[in-house]
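Q: Chains R and V supply the protein sequences, listed in that same order. Residue 159 in this note's numbering is what sits at position 159 of the first sequence, and the numbering runs on without skipping anything. Residue 137 in this note's numbering is what sits at position 137 of the second sequence, and the numbering runs on without skipping anything.
By construction, these hints were calculated from the structure, which means they are not laboratory data. Please note that a few of the clues may not be correct.
Once the Cα atoms are required to be at most 20 Å apart in a straight line, the calculated DMTMM-like pairs of lysine to aspartate or glutamate come out as [unchecked claim]:
no. : chain 1 : residue 1 : chain 2 : residue 2
1   : R       : 613       : V       : 12
2   : V       : 156       : V       : 190
3   : R       : 603       : V       : 33
The model shown is predicted, which means the values in this text are computed figures rather than measured ones.
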Amino acid sequence: MFLRPPPAPTKQTWLWLAPYAAIGIFALAMLIVTALLQWREQDTARSALEGDMHWAERTIETRLHAHQDFLASLGREQEFKQLTYESFQVRASRYVRDNPEIEAIAWVSTEGKVEWVSPNETTATYVGDQLTETRLLALQKALRTLRPLFSENYPNAAQLPANDLILPVQQSSADIGAFIAIQSLETLLRVTLPVAFTARYSLSVVDANGKEVFSNTSVKPTDRQISGTISLDLPNNRLGLNIVAYRGGGAWLPFLPAGLIIFLTLIATATLVQLRRHAHHRAETEEKLRAAYAFRHAMSQSMVTGLRAIDLKGRITFVNAAFCRMTGFDESELVGVAPPYPYWPAEEFSKLQHNIDQALAGQAPAAGFEMRIMRKKGERFDVRLYFSPLIDSNGQQIGWMASMNDITEPKRARVELEQAHERFVTVIDGLDTAVHVADVVTGEILFANRAFQNIFGFNSVGQDSALVTAACRPAPESLFVTPSKLRAENLPCELFDGELQHALSGHWYHLHERAIRWMDGRTVRVQIAADITDKKHIDEVYLQQQKRLEQTSRLITMGEMASSLAHELNQPLSAIANYCAGCIKRMQAGNYRFEDLLAAMQKAGDQAERAGKIIRRMRDMVKKSDPKCLPVSLQELIDETRAFADIDAQRSGTQIVVHIPENLPRIVVDRIMIEQVLLNLIKNGIEAMGDVPFDRRQLTIQAHVVDERVLEIAVTDQGHGLAEEDLERVFAPFYTTKQDGMGIGLAICRSIIEFHQGRLWVESGRDGGTIFRFTVPIEEKGE
Amino acid sequence: MTQTIFVVDDDEAMRDSLTWLLEGEGYQVACFDSAESFLHARRDDMRGCLVLDVRMPEMSGLELHERLDALGCQLPIIFVTGHGDVPMAIAALQRGACDFIEKPFHNQELLSRVERALELDKEIATRRKRDDAISHRLKQLTQRESEVMKLVVVGKLNKQIADELDISMKTVEAHRARVMEKMGVRTLAELVKAVMTVN
Chain R
1 MFLRPPPAPT KQTWLWLAPY AAIGIFALAM LIVTALLQWR EQDTARSALE GDMHWAERTI
61 ETRLHAHQDF LASLGREQEF KQLTYESFQV RASRYVRDNP EIEAIAWVST EGKVEWVSPN
121 ETTATYVGDQ LTETRLLALQ KALRTLRPLF SENYPNAAQL PANDLILPVQ QSSADIGAFI
181 AIQSLETLLR VTLPVAFTAR YSLSVVDANG KEVFSNTSVK PTDRQISGTI SLDLPNNRLG
241 LNIVAYRGGG AWLPFLPAGL IIFLTLIATA TLVQLRRHAH HRAETEEKLR AAYAFRHAMS
301 QSMVTGLRAI DLKGRITFVN AAFCRMTGFD ESELVGVAPP YPYWPAEEFS KLQHNIDQAL
361 AGQAPAAGFE MRIMRKKGER FDVRLYFSPL IDSNGQQIGW MASMNDITEP KRARVELEQA
421 HERFVTVIDG LDTAVHVADV VTGEILFANR AFQNIFGFNS VGQDSALVTA ACRPAPESLF
481 VTPSKLRAEN LPCELFDGEL QHALSGHWYH LHERAIRWMD GRTVRVQIAA DITDKKHIDE
541 VYLQQQKRLE QTSRLITMGE MASSLAHELN QPLSAIANYC AGCIKRMQAG NYRFEDLLAA
601 MQKAGDQAER AGKIIRRMRD MVKKSDPKCL PVSLQELIDE TRAFADIDAQ RSGTQIVVHI
661 PENLPRIVVD RIMIEQVLLN LIKNGIEAMG DVPFDRRQLT IQAHVVDERV LEIAVTDQGH
721 GLAEEDLERV FAPFYTTKQD GMGIGLAICR SIIEFHQGRL WVESGRDGGT IFRFTVPIEE
781 KGE
Chain V
1 MTQTIFVVDD DEAMRDSLTW LLEGEGYQVA CFDSAESFLH ARRDDMRGCL VLDVRMPEMS
61 GLELHERLDA LGCQLPIIFV TGHGDVPMAI AALQRGACDF IEKPFHNQEL LSRVERALEL
121 DKEIATRRKR DDAISHRLKQ LTQRESEVMK LVVVGKLNKQ IADELDISMK TVEAHRARVM
181 EKMGVRTLAE LVKAVMTVN
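With the hints as constraints, model all of the structure from the sequences given.
A: Structure follows, in structure tokens:
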């Protein structure tokens, strides 16, 4: 993939930190503001509390003073005895009714005995009750001090905190008793302070020792910060009142803004983080997209295939570099152009228009169009154009994409390949040699040339090679290796090389078989069968010729031997003659020395011996050639001989006529020896006719069966003939009638014939010429 | 100078028997067992004839004949041939050999041929002697005399010679007389004969 390196991250980190910092600062500021607001609110609340507290204090004090005053008025009337029980009842009960915190007003004796109680229906105290404990102590103290005072708090009948306002009364400096107002603290608070106040504050009453004696019970949370304490210094009783403001809207309320801010900050941060992550992801995606785009662009530009996009109307929307390169036009010259395109050669217009119409109709063939277009310079070249629909990201077709390949070279290569194949086929078919390729396993013939089909049938391809070539197929055991066991790495390998005869036609073929790897990887047998029938025939002829050559050489050897024999014999013979002549001369002249003559004669004797040895050696040599008698056809024998004799015959213009009856029995002879005899006789005949006119130069060979054992052959010439006395002498060794004859040929011939238990003789012809006749044995029947 | 019969034959019996025969006739005989050994011993003043065997190993008789020809040796040669060598011998004769004789030969035949060869040798010797003398005389002629002589010999008249050589008639006559004197001839015919012999 083509990807750009990621950009340096430092700057972005810094930038990305800014929003976080801003959020932090904003959150901090908000928190501070909130704190300030809260502080202010609290301050306001505290001020309000303080105000309320003073108000409450005054109210309570006023109330208590009112009670004191009432009791004081009662006391004054008592003092002066102006107060009756009834008026007491009336006034006190009215007062109690008006001041609910006063449960009852009683008149007690100095001993603390309750004497009057008002109102009558009260349950707080009863007439006749004795004050006890703190109440009594408070009474005594009041009597002693002569001042109104409050008793310590005590639980009343309802077990609620209560106290007594005691007003001592003296009559003429004697204590006569005291008025006591039993007041309930709870009611005091409830009555003196309005509901709005109690709803806002939690009130608790504490005694002088700071011990809470009462509180208006409420489960509502209180705000300790907004609290205050009122201290009512009642005589003999200090009454403290703790006031705590109820928290408005719950305990969590003050934290709500901060919490909200923190929560929002967190959300903002989280959002930012998400945003950043998203942006990062987006940037990455963009980067990838860019890289992908760049890659695709690079790909389309670097492709060797030309790419061209057209819209649905055929207008070019895109071409890549390869397309421009191929056509030679610039991108700017092509984009936006509708058909006919500038690279259309005029002569191809109609065809190309047809093609583009077809393509736009969506009927472009899958194999593409093969067309000829031109470069800007006018040069024509062949291309193949493939069309495929161009689909945008919404799945809508927006045009057609065409890829264009320059097939000039491939086309040329293909044409060349075709030509090469054609040549190959022509050559292979032109061969005399049958070539075929067959699968090793199935035997299916994959290829066969014409020569093969001529031999084995024209529909042999695809058939089983074993059946088709059954008449001429090497036996499986004669193959060098078993083809089916061949492994791929052993290929190619030799399978067979030898000669076979076609069982039906009798033709001989030289088969050469190899196992090779076929194009598709199969192991196949390639067999090349050359018809060697003619060659074989030629070989046979050649063999025969070789044999003849051998015979000729034997004949030549014989001639040479004779010649060298003559030369060798010449030496001792001449020497003997010389010695003898020398002796004779000396003896005739008479001037000789005996020793000299003796020595010369001895030397002559030695030479005679030497001559004898030469003769003996020659005889030994002749004996060595060991004749082999085998049955042969006379015709063959004569034919072979004629092959040699014809040379001389043609040179001398002699016609050789062979008259032998058909179906002659075969003769049992040493072929070469008899051929020599025949050749010798023929040559003699030809030479004998050397001085007769050309039209008479005819040599006749005849043969006839004498009896069941013997066949007679006659060689007749039209030559000068032989004198009567020569008829027998010609056979004598070293007798010759020819100028350069040696007189040895006929002698040898006679020896040969006699070796075959035959006879060789000569007769004079009736009209001149000579007839040589010889007999040879016939092959015995039933042998 | 005595004549010698040089026998060249590779066969010892032949050499020996020929020596026996020829010495019996009173000739002087020298034997060589090969053509090479004869070539080695050969001198220009050898007189007589050569009895040469055609068939010899290494250098054959015919080759020796060629070599001797090239050397300017004029010894008459009698080739001794075996059977079948006849055409070869005839070729040799055509090349200027003296004679040939086919083995086996009759001794008288050989002897007569030897005699004839020796005669020939004598003739050759005489002729050579005469030629040498003429040559010697010719060398003694001056440049001008030689020129005059050449013109005289082709039959030109004194006047023509004088014109051709651009000299006076008298001078030609003087030269001519001196040429006749130096060449030891008296007539024009003799002069022509002498010059023809040499050339």
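Q: The structure should be examined with respect to each hint, and the outcome stated for every one.
A: Going through the hints against the structure:
{"no.": "1", "hint": "R:613 with V:12", "in the structure": "holds (17 Å)"}
{"no.": "2", "hint": "V:156 with V:190", "in the structure": "holds (16 Å)"}
{"no.": "3", "hint": "R:603 with V:33", "in the structure": "holds (18 Å)"}
Comparing the model with each numbered hint stated earlier shows that all of them hold.
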